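**Student:** Residue-level listing of the chains:
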Amino acid sequence: DAGVIQSPRHEVTEMGQEVTLRCKPISGHNSLFWYRQTMMRGLELLIYFNNNVPIDDSGMPEDRFSAKMPNASFSTLKIQPSEPRDSAVYFCASSQRQTNTEAFFGQGTRLTVV
Amino acid sequence: KQEVTQIPAALSVPEGENLVLNCSFTDSAIYNLQWFRQDPGKGLTSLLLIQSSQREQTSGRLNASLDKSSGRSTLYIAASQPGDSATYLCAPENAGNMLTFGGGTRLMVKP
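The listed protein sequences derive, respectively, from chains A and B.
Using my numbering, you'd call the opening residue of the first sequence number 1 and step up by one each time.
Using my numbering, you'd call the opening residue of the second sequence number 1001 and step up by one each time.
Bound-form chain A, shown alone (with noise of 0.2 Å):
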């Protein structure tokens, strides 16, 4: 498998236009993570799925913020209107939950809003 597979790897976008970040998670996961790192707040998790439904959204920061996973297969975390503190990296992560494995890490997206 290629593991988590996130597009783009980077994006770099002005303020008021909307973003849409891809995630494709490991096949047969079926739990589904997007994470943003910062240098001043570190990891957070924003929202996670489990068997495509979402569980816990409180992690997103505001309604411009949205998430979504059509299928098993995909994910897309939008942002719209996008500001310049929207600007970090965000991650993608997949994990098996059933068999209590590890969570596995996409590359990241590198957003930068100007």
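Errors might be hidden in some of the hints.
Below, simulated BS3-like cross-link-like pairs (lysine-lysine); rule was C-alpha separation at most 25 Å, straight line [what the hints assert, rightly or not]:
hint	chain 1	residue 1	chain 2	residue 2
1	A	Lys78	A	Lys68
2	A	Lys78	A	Lys24
3	B	Lys1110	B	Lys1001
4	A	Lys78	B	Lys1068
5	A	Lys24	B	Lys1042
6	A	Lys68	A	Lys24
Worth flagging that the hints you see were computed from the coordinates, not collected in a lab.
Keep in mind the model is a prediction, meaning the values are calculated, not measured.
On the provided structure of chain A, position chain B as indicated by the hints.
**Tutor:** Relative to chain A, chain B alone:
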């Protein structure tokens, strides 16, 4: 709410030293605990996973221990090498598959 603290925040050692990284967490009701490595500008690589029923886990020069009741885990790195230079992150897993991360220990191993 789970809170995770890692000490020290940064560590610089000469090559060959054995070292210990510390992690403490406030909520002991965990399912497991993972240690990750993160290289600059890269994603997280899982190093070790310790189940809540285990006391330790070993992989090569790495050994992680877990004392669930006291809310502590340590990562022991034997015979450190320059290639071990990275940030090491501890993440206990609570109900719902949720990992909470510490701030990390930034390790520099000098040749």
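**Student:** Checking each numbered hint in turn, tell me which of them this model violates, lowest number first.
**Tutor:** 3 and 4
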